[in-house]
Amino acid sequence: MKRLWGSLAVNALLIVAGALAIAPLLWMVSVSLMRPGEADSFPPPLVPGEPSLAAYRELFAHQGMGRYFANSLVLACAATVLSLGFNVTAGYAFAKLRFAGRDLIFQLLLGALVIPGQVAMIPLFLMLKGMGLVNNFGGVLIPAAAGVFGIFLVRQYALSIPDELLEAARVDGAGEFRIFRSIVLPVLTPIMVTLATFTFLASWNDFMWPLIVLGDDKLYTLPVALASLSREHVQDAELMMAGAVVTVAPVLVLFVALQRYYIRGLLAGSVKG
Amino acid sequence: MRGERAGWFFVAPALAVIGVFFFLPVAAAFVLSLTDFDIYALANPRNLRFVGLGNYGALLGNPLFWQALGNTLYFVAIGVPLSIAASLGAALLLDSRLARFKGLFRTALFAPVVTTLVAVAVIWRYLLHARYGLIDYGLHAIGLPAIDWLGDPHWAMPAIILFAVWKNFGYNMIIFVAGLQTIPEDLYEAARIDGASALRRFWHVTLPGLAPVVLLVSLLTVAGYLQLFAEPYVMTQGGPGQSTVSVLYFMYEQGFKWWNLGTASAVAFLLFVLMLAVTLIQLAVARRRGVL
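Here the protein sequences come in this chain order: A and B.
Numbering-wise, the first sequence is residues 1 to 273 according to the working numbering.
Numbering-wise, the second sequence is residues 1001 to 1292 according to the working numbering.
The set of hints was computed from the structure by calculation and includes no laboratory data.
One should not assume that every hint holds.
To be verified - Listed next, the stretches of chain A that the computed footprint assigns to chain B, with coverage defined by at least 3 CB atoms under 8 Å from CB atoms of chain B:
(1) 36-43
(2) 47-59
(3) 138-147
(4) 184-196
(5) 235-249
To be verified - Listing some non-contacts, in silico: residues in chain A with all C-beta distances to chain B over 10 Å:
(6) L33
(7) R67
(8) A70
(9) V81
(10) T89
(11) L159
(12) A169
(13) Q259
As the list claims (entries may be wrong) - Chain B side only, calculated, beta carbon under 10 Å to chain A, not exhaustive:
(14) E1004
(15) P1013
(16) L1024
(17) I1078
(18) P1081
(19) L1082
(20) A1108
(21) V1120
(22) R1131
(23) A1191
(24) R1192
(25) Q1227
(26) A1264
(27) L1276
Each residue gets a CB set at the ideal place from its N, CA and C atoms; glycine is no exception.
All chains, full assembly: derive it from the sequences and hints.
Okay, structure coming up:
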């Protein structure tokens, strides 16, 4: 009997907590489907009287949402490819190849994690300006191409590759690149999916750096465009919610599809301390 | 020898990027913070002058900087404990043997973490609206007075804290769930046999077992919350009455609105020093309590 009450309490609390967590997202979808001005009434309506795509039509036809979506998508995909290219090779080398100064350099990189990225922002902006990369996707992408977190993630995973496997290939006369391509990469596939998911989400959601680097509104990413729209269109709740749906939906879908890999990365990243 | 060359070849591209686009700018930031780099120097570097610690001195005499610092510390002091409590509560529920549909609930509770901060801040701006917002409507329905959340200097920061807790608790929840699973079941069994109540088991078995995880989560959350920026940028623009200007928001305005890049670099460095100091204090407290 006591167990029954306990079970009821735990599950009821979970339902309440879960509802609180997703209620704002459900409300966002609901308001995005209302007719212009419908949300500004009292009491606030919970569901649209008559579902309408007017807000989405306005966003894509007149507010350039299609372009911002494409910008975000291109940047997130490019960031993912770059991050895989730079961090996987480095993470593997820090785990499995011997070279002078390896452990010292790795310690130094981990130590750098205490420095907040914002410290670098101002000189980085001036540097990129000198290189002609301000108001340019390159300025958003290049500084994020390699990162300590990505290298750490891959290294921890690569440590589990047995040395005998690599030695055997060397004895057979395979070169280091051949070994990397045909033995190491297949083993690292799961952690590469994790790294790709993390990088894509981080790039898609990033705000402060694109806000600083991309001054031209044709280059805006979704978060930057949404922040700017929300300053101009404070009154248009339906329009803003439709913009939020367009921004949030892709990352939520990606997360639900790749949750397992994402959570693995989150846990690996947090045992570093 | 062959491994040596290959090793360097594999790490060189990543090290070059991190060196040129992170370490170099960090060092440059310190040098920049000792100059009066402003819009005139941006146009012509010959207008640049070395001012020593002048920027730091000016900041310490600037009331808005102190306000930004105070606002940020307020956000951290209230927001971090609330977030960790929410994370731990949610983790205990998810970890309970009595819970059903755990996967589904875990996904729902974690969903806010992966959402785009700017987009959900926009949503909350409408939820917190004083006239049409659902939150005030709810308060009204249970007989409480409506609050002008984002328009009242006393309520704007609490509103941002509420939002931040909702957005972030899922992250630490996942870490806590993993931590809870490492506490041996025998300890709970033994406590149960000794007749310890659920509350006492939580106090004497769960919490001590989680202590290292609590430390880790506090370090990460404090460092993250000290970097408050997008929430005030989107929800309040630092207002009302500068009650939500954070240190980074102040840095952003100094640097990229007024182009006082020397001052902004000094702000960034002070934030770094503050983060380092807070981390060291947390570690010292942990050591004294025997967690480390």
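### Task
Verify the interface restraint on R1192(B): the C-beta must sit less than 10 Å from at least one C-beta of chain A.
violated, 13 Å
### Task
Can you take a look at whether the stretch 47-59 of chain A is actually covered by chain B? Rule is 3+ residues, C-beta closer than 8 Å.
violated (count 0)
### Query
For the stretch 36-43 of chain A, do at least 3 residues have a Cβ located nearer than 8 Å to some Cβ of chain B?
holds (count 5)
### Query
Holds or violated: is the Cβ of R1131(B) closer than 10 Å to a Cβ in chain A?
Holds: closest Cβ of chain A sits about 7 Å from R1131(B), inside 10 Å.
### Query
Taking 10 Å as the cut and beta carbons as the points, is Q259(A) off the interface with chain B?
violated, 7 Å
### Query
Does T89(A) really sit off the interface, with its C-beta more than 10 Å from all C-beta atoms of chain B?
violated, 4 Å
### Query
How about the stretch 235-249 of chain A: do at least three of its residues have a C-beta closer than 8 Å to a C-beta of chain B?
holds (count 7)
### Task
For the hint on P1013(B), just tell me whether its beta-carbon gets within less than 10 Å of chain A.
Holds - the Cβ of P1013(B) comes within 10 Å of chain A, reaching about 5 Å at its closest.
### When the least beta-carbon distance from L1276(B) to chain A is tested against 10 Å, hint result
holds, 6 Å
### Satisfaction of the I1078(B) interface hint, Cβ to chain A closer than 10 Å
violated, 19 Å
### Message
Count the residues of the stretch 184-196 of chain A whose Cβ falls closer than 8 Å to any Cβ of chain B, and tell me whether that reaches three.
### Response
Violated - the stretch 184-196 of chain A has 0 residues with a Cβ nearer than 8 Å to chain B, which falls short of three.
#### Entry: 10 Å cut-off, C-beta based - A169(A) kept clear of every residue in chain B
holds, 12 Å
When each numbered hint is compared with the structure, violations occur for hints 2, 4, 10, 13, 17, 18, 19, 23 and 24.
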